[in-house]
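Can you make the complete structure from the sequences, with help from the hints?
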Amino acid sequence: MGWTPVTKAAGTAGTAEGSTPLNAFDNALLAAGIGNINLVRISSILPPGVQLVPLPRIKPGAIVPTAYAAQTSEVPGEVVAAAVGWARPEDPGKNGVIMEFHDKATREEAERMIVEMLGEAFRVRGERIRDMRVFAVEHRVERTGCAVAAVTLLAPDDLG
Amino acid sequence: MGWTPVTKAAGTAGTAEGSTPLNAFDNALLAAGIGNINLVRISSILPPGVQLVPLPRIKPGAIVPTAYAAQTSEVPGEVVAAAVGWARPEDPGKNGVIMEFHDKATREEAERMIVEMLGEAFRVRGERIRDMRVFAVEHRVERTGCAVAAVTLLAPDDLG
Amino acid sequence: MGWTPVTKAAGTAGTAEGSTPLNAFDNALLAAGIGNINLVRISSILPPGVQLVPLPRIKPGAIVPTAYAAQTSEVPGEVVAAAVGWARPEDPGKNGVIMEFHDKATREEAERMIVEMLGEAFRVRGERIRDMRVFAVEHRVERTGCAVAAVTLLAPDDLG
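Here the protein sequences line up with chains S, A and X, keeping their order. Position 92, counted from 1, in the first sequence is what the numbering used here calls 144; the numbers after and before it change by one each time, with no gaps. Position 84, counted from 1, in the second sequence is what the numbering used here calls 136; the numbers after and before it change by one each time, with no gaps. Position 61, counted from 1, in the third sequence is what the numbering used here calls 113; the numbers after and before it change by one each time, with no gaps.
Derived by calculation from the structure, the hints in this document are not laboratory data. Any given hint could be a false lead.
Unchecked claim - Calculated from the model, a selection of chain X residues having no Cβ within reach of chain A, i.e. all distances over 12 angstroms:
hint : residue
1    : L74
2    : Q103
3    : P112
4    : E130
Said to hold, decoys possible - Mimicking SDA-like on lysine to any residue, the simulated pairs with C-alpha atoms at most 25 angstroms apart in a straight line are:
hint : chain 1 : residue 1 : chain 2 : residue 2
5    : S       : K156      : S       : G171
6    : A       : K111      : S       : G171
7    : X       : K146      : S       : G212
8    : S       : K60       : X       : P57
9    : A       : K146      : A       : E194
10   : A       : K146      : X       : L211
Unchecked claim - Stretch by stretch, here's where chain X covers chain A in the computed footprint (C-beta under 8 angstroms, at least three residues):
hint : region
11   : 58–70
12   : 183–191
Glycine included, every Cβ here is placed at the ideal spot set by N, Cα and C.
Structure follows, in structure tokens:
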């Protein structure tokens with residue numbers, strides 16, 4: 053039966069330091085409000101009819117299909133960025149698209165890349181963008197840092 | 053309850069150029085007919101009793117367990133290939149296996165690797181291959197190109 | 053409805069040689085007892101209320117959310133390790149955490165890393181660890197080898 057019905061989607065982003073790269077990632081997820089759920093990576097479509105909402109409280113341990121980008125670095129002083137963005141077409145019966153970006157980059161560069169990638173994704177689909185939202189974050193590494201950005205796809209049972 | 057019941061599986065492959073690596077990947081998925089669904093990567097078993105079908109129409113935004121390979125390159129002139137293949141055992145109560153390959157390689161090389169890998173996967177399981185199918189594709193990069201190949205596992209609710 | 057209800061979790065680890073890196077990974081999964089199921093990678097939370105069990109028989113082809121680490125090497129003589137570990141908090145209503153590690157390393161180094169990472173994960177959450185378990189394995193590469201360690205999250209329908 054698959055993972056349906058996804059009814060909501062929510063974006064978020066966060067940054068953190070940690071004593072290992074995996075802890076920095078875990079800490080960045082906690083900073084983004086999604087540190088106590090199980091992310092399952094998807095490539096990367098916003099289903100039609102999904103409601104875009106602020107990140108709700110998600111049940112601990114819930115298994116949540118998520119488009120996400122993460123950049124970890126152990127180079128002090130380096131600036132890392134992660135961004136995700138969704139865009140929806142004018143026809144509400146058609147799907148939207150989610151794009152991800154992570155690199156040694158600034159938040160502005162990451163945001164610009166997302167907008168460009170979403171633009172191309174809609175051009176090739178022959179659709180016009182009705183609305184769009186980007187979630188981006190940057191982090192200057194102290195010792196071991198991570199920037200993460202995510203769009204989660206949520207089912208009613210995941211909430212609460 | 054998990055993702056059951058998967059009842060069908062379908063393979064496909066495609067190639068494309070794009071203005072970024074992620075767009076090239078997105079465009080290659082569109083060329084392969086799976087650009088408007090959410091792929092979730094699996095490692096990589098064909099459940100027993102699954103029907104092998106030509107790629108059907110899948111609901112936009114469906115979350116689909118998929119074994120896939122993708123090779124992106126930004127080196128003009130480079131040839132990249134991606135391939136997947138499934139093989140089934142003589143005993144229909146036992147699972148099949150899916151193998152993936154991606155590299156700077158030709159389609160023939162990719163196909164040969166899949167056949168070899170499936171052969172070993174069956175030898176170590178003590179099974180003989182009843183039937184096998186490989187989906188492979190190659191692409192000569194113009195600027196930023198991607199080759200992708202995939203076997204999707206489908207539930208009735210994903211179709212339509 | 054997502055992937056709920058996950059009711060059990062089980063850890064395992066294994067190593068193997070193979071004639072390709074993907075076959076070595078496949079063979080290591082077989083050695084670990086999870087070679088005939090579909091792993092879907094999760095990042096990496098132990099849901100509250102889940103029962104920790106020895107690895108049960110899982111239906112062939114089942115699609116199983118799994119936190120896993122794998123290290124493959126084609127350098128003869130190299131020692132590779134993979135480890136996963138879970139830890140649960142004192143409050144049974146709160147989620148546990150799973151950490152993964154893979155590298156050119158010994159089993160002892162991998163185990164120590166898991167314990168340190170779980171310790172930090174609990175410190176940042178403001179929780180104390182009630183109990184913990186690490187699954188780790190090392191492998192000296194002959195030609196193409198792989199070490200894998202995994203914690204699977206299981207629903208009743210996955211068993212049998």
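Tested hints:
1. L74: 6 angstroms, violated
2. Q103: 16 angstroms, holds
3. P112: 4 angstroms, violated
4. E130: 21 angstroms, holds
5. S:K156 - S:G171: 22 angstroms, holds
6. A:K111 - S:G171: Answer holds: A:K111 to S:G171 is near 23 angstroms, not above 25 angstroms.
7. X:K146 - S:G212: The given pair, whose Cα atoms are some 13 angstroms apart, holds under the 25 angstroms limit.
8. S:K60 - X:P57: 20 angstroms, holds
9. A:K146 - A:E194: Outside the cut-off at roughly 43 angstroms; violated.
10. A:K146 - X:L211: 15 angstroms, holds
11. 58–70: violated (count 1)
12. 183–191: violated (count 0)
Of the numbered hints stated above, those contradicted by the structure are hints 1, 3, 9, 11 and 12, listed in ascending order.
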